[in-house]
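There are 2 protein chains.
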Amino acid sequence: MQKPSIPKGTRDFSPEEMAKRNYIFNTIRDVYHLYGFQQIETPAMENLSTLMGKYGEEGDKLLYKILNSGNCFSGISKEELEEMDPVKFAAKACEKGLRYDLTVPFARYVVQHRNEISFPFKRYQIQPVWRADRPQKGRYREFYQCDGDVVGSDSLINEVELIQIMDEVFHRFGIRVCIKMNNRKILAGIAETLGASEMIVDITVAIDKLDKIGLDNVNEELRTKGLSEEAIQKLQPVIMLSGSNHEKIDSLKQILAHSEIGLKGINELEFILNRVDKFAMRSQLELDLTLARGLNYYTGAIFEVKALDVQIGSITGGGRYDNLTGVFGMDGVSGVGISFGADRIFDVLNQLELYPKDALQTTQLLFINFGEKEEAYLLPIVAQVRAAGIRTELYPESAKVKKQMGYADAKKIPFVAIVGETEMNEGKITLKNMITGEQKPVTLEELTAQLA
Amino acid sequence: MQKPSIPKGTRDFSPEEMAKRNYIFNTIRDVYHLYGFQQIETPAMENLSTLMGKYGEEGDKLLYKILNSGNCFSGISKEELEEMDPVKFAAKACEKGLRYDLTVPFARYVVQHRNEISFPFKRYQIQPVWRADRPQKGRYREFYQCDGDVVGSDSLINEVELIQIMDEVFHRFGIRVCIKMNNRKILAGIAETLGASEMIVDITVAIDKLDKIGLDNVNEELRTKGLSEEAIQKLQPVIMLSGSNHEKIDSLKQILAHSEIGLKGINELEFILNRVDKFAMRSQLELDLTLARGLNYYTGAIFEVKALDVQIGSITGGGRYDNLTGVFGMDGVSGVGISFGADRIFDVLNQLELYPKDALQTTQLLFINFGEKEEAYLLPIVAQVRAAGIRTELYPESAKVKKQMGYADAKKIPFVAIVGETEMNEGKITLKNMITGEQKPVTLEELTAQLA
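Line order of the protein sequences matches chains Z and Y. In terms of my numbering, the first sequence opens at residue 1 and continues consecutively. In terms of my numbering, the second sequence opens at residue 1 and continues consecutively.
Don't read these hints as lab results, they were simulated from the structure. A virtual CB, placed ideally from N, CA and C, is assigned to each residue, including glycine. Fair warning: there could be bad hints in the mix.
Said to hold, decoys possible - Within a straight-line C-alpha distance of at most 25 Å, the following computed DMTMM-like cross-link-like pairs (lysine to aspartate or glutamate) qualify:
1. K8(Z) - D30(Z)
2. K357(Y) - E116(Z)
3. K8(Z) - D101(Y)
4. K400(Y) - D154(Z)
5. K3(Z) - D101(Y)
6. K411(Z) - D30(Y)
7. K54(Y) - E142(Z)
8. K78(Y) - E82(Z)
9. K92(Z) - D85(Y)
10. K78(Y) - E83(Z)
11. K88(Z) - E83(Y)
To be verified - Distance windows between CB atoms, simulated:
12. V201(Z) - N433(Y): 44 to 54 Å
13. R11(Z) - I76(Y): 22 to 32 Å
14. I76(Y) - C178(Z): 46 to 56 Å
15. C178(Z) - Q384(Y): 24 to 34 Å
16. D358(Z) - R282(Y): 47 to 57 Å
17. S197(Z) - M434(Y): 47 to 57 Å
18. Q450(Z) - M434(Y): 35 to 45 Å
With the hints as constraints, model all of the structure from the sequences given.
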């Protein structure tokens, strides 16, 4: 018989991996709670009518579609079938699909439950999503997203709080980060000022390459894309923008002096920075004009978090969007959100070995099992240790002590309790520290006091 | 535009529902940890070759199958397609399906990771499963299971610990329960003693109806099913079995005196009861011969938990099985497990209103927002309150106070902080208790001391 396996791009999570993942999710969850965010969950399966057309043509192809149960051919004619057109077929034979992200289901949720929700709605959601992407290193077909959004409020205080949340989460993880910030309105203002509004993406992408390819090549690329010589000249101070955030803002104010939308973006940015300046931020916060994340989606602030001590893509991102729910017929719901990249955070914590020991330790104490008599003697004692809140196991069989010790080692159990004839007579427990190897007889009270 | 909806039989979970569900999952999780169980997770999608044939013919039909991405027709000839046979088609066009329970994926996990696992393996798993069942009240197409199993150990200490786990979980919930216990070997012994081994299920089902239809009708049903008159007479003491668990066992010892398997079952039961007697159990524990749960699957102990104060089916169940992984080519892995029914526990806790207030409360304190000046003044104060671990919100806009108070009410926030001109001058915060209506000025220190 073939050894069973799981689908490409999916993963099993072992106890140790789960302990790490729970540490990540719980940390994020705790911080969301501290800021008044509430959790929701949506079903894994959504109607395909909810999902299709929301992620572009490419996205539609990456949706996992579920074959209608019962007769999947009902409603399909022989002629239609003979075309063997997978897209047309799926449109008839599949009503449901697996969610592709948490944003579209959230938009659907807001519209469907609009009358039960008290706005502004601060929600977070930690659930897996599925994409029929080609699997490769670090890219999976099933992975978790950890989204937090505030919808139904235009206030920039929400942006400020999301920055605080990112700062607090990475502080708790012990990961040094730079939170990069941009504003879509500033980018629009720059493009407008150059008389090239439609080239906003090209311009941003080109600027982003400055470090890699140098100024001359950036300008050359802009020329190739069709930006006029005059516009390229005008753009030079933007490309070379440097200094502190406030110095950058001062320069931008001059460059964008005649762009209404550009100035609005600068105002937003300044509001946020002025507020954030009041906190003892642990993270760097940097205005970065090359941040173009989700440019056709975000309408105001754009965020991205980079780890300082590990070479890896952004580990969190987000921004403000104007019309979350318009696609479902409910206009005027603006919002701002962030999404923590759990898989990359997992990798960073692994590389930097930042997991706290407590988070990885499962069982605290293993009682060695010497046989039926000792076992019967131990059962009430084990119960008392557990009643003290100590995560405890009694090895279920009187196997060889070496095997039982091996079990403790494999499970990284830090303490082992040995109770044989002598200990039973003396009413003691020999407590062995598995890390130092040290062992000494203690009373039950001393044991619980030490481990609780 | 049509209001968006979700697939029949699936659910969204609102913040309040999520708080309740998290309370349930966290309670179960904490108790599993206390006993040294470790969490694993498996992917939502499994290869259909892993799932098919494991749940009977009916089960195969209830599997959600995922249409192969790319061209689902590749490898299918026109002739095959023209048959329009949904089962044959799915076998070619779908490689993956959604998991139907947690047991088969767990068996697959154990086989696949056998070399990484240190046995006995105490694992728990809390994840959703999907079944294309007809939805009805209390039956969903997506629902969570909370399974705990110990595999790779024959010791009955595992059964004892699972009983303790059930007792502890329902004690923590405040749900009064009866844990019913049976043993497949005793049922086999009874059927063997009657000379009707093949009628084990019929006999159990008939006895189960005693309370509902009375002794005469039970006997009549057995007669109809073909049980001999002699066997029916022999069965009478079993049907009328009563008294304490130990009295029942004494009677059974006589009845099953000549059945080796029956006596083995009684021995197992007695071992478990004798051990459990040593603990201060909060739940009733009752030997119930009519318990026939998963009879063609379990080989030893069978468990079922009934709530005493609510009319509802069993809220937890489980038992011992002999050969979990044989179907994947790895023999000799026996185990014992239980599964908490989260949805029914949710209903019971709702009906009895047993949720602790703390579990449902999200934000503890809302700061009213009176405008830009007050907002700027408050930001560092809010940060200090949060640093004290108090879940705090600052309303993001200077909306009408009534609206902000309404937000606090809707979110069940117990305290509101009011800081206007006067408070700013005096360095105080007016703290309002939203339940009593009482309000008084306090210092920041007093506030954090009161709420932390």
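Tested hints:
Of the pairs offered as hints, the one joining K8(Z) and D30(Z) is violated, with about 33 Å between alpha carbons and a cut-off of 25 Å exceeded. Restraint check: the Cα-Cα separation between K357(Y) and E116(Z) comes to about 21 Å, which is no more than 25 Å; the hinted pair holds. In summary, the hint linking K8(Z) to D101(Y) is supported, as the alpha carbons are separated by about 20 Å, within the 25 Å threshold. With a C-alpha separation of about 16 Å, the suggested pairing of K400(Y) with D154(Z) holds against the 25 Å cut-off.
This hinted pair checks out: K3(Z) and D101(Y) have alpha carbons roughly 20 Å apart, not beyond 25 Å. Under the criterion of a C-alpha separation no larger than 25 Å, the hint pairing K411(Z) with D30(Y) is consistent with the structure, at around 18 Å. A C-alpha spacing of about 24 Å is found between K54(Y) and E142(Z), which places the hinted pair at or below 25 Å, so the restraint holds. Distance check on the hinted pair: K78(Y) and E82(Z) sit about 7 Å apart at the alpha-carbon level, within 25 Å; holds.
Distance restraint check for K92(Z) and D85(Y): the Cα-Cα separation of roughly 16 Å lies within the 25 Å cut-off, and the hinted pair is therefore satisfied. Restraint check: the Cα-Cα separation between K78(Y) and E83(Z) comes to about 10 Å, which is no more than 25 Å; the hinted pair holds. Note on K88(Z) and E83(Y): the hinted pairing holds, with a Cα-Cα distance of about 19 Å set against a maximum of 25 Å. For the hinted restraint 44 to 54 Å between V201(Z) and N433(Y), the CB-CB distance of approximately 53 Å keeps it satisfied.
For R11(Z) and I76(Y), the Cβ-Cβ distance of about 30 Å falls inside the hinted range of 22 to 32 Å, so the restraint holds. Separated by about 52 Å at the C-beta atoms, I76(Y) and C178(Z) satisfy the suggested range of 46 to 56 Å. The hinted window of 24 to 34 Å between C178(Z) and Q384(Y) holds, with their beta carbons roughly 25 Å apart. The hinted window of 47 to 57 Å between D358(Z) and R282(Y) is violated, with their beta carbons roughly 30 Å apart.
Remark: the range hint 47 to 57 Å for S197(Z) to M434(Y) is upheld by a beta-carbon distance near 50 Å. Remark: the range hint 35 to 45 Å for Q450(Z) to M434(Y) is upheld by a beta-carbon distance near 43 Å.
Of the numbered hints stated above, those contradicted by the structure are hints 1, 16, listed in ascending order.
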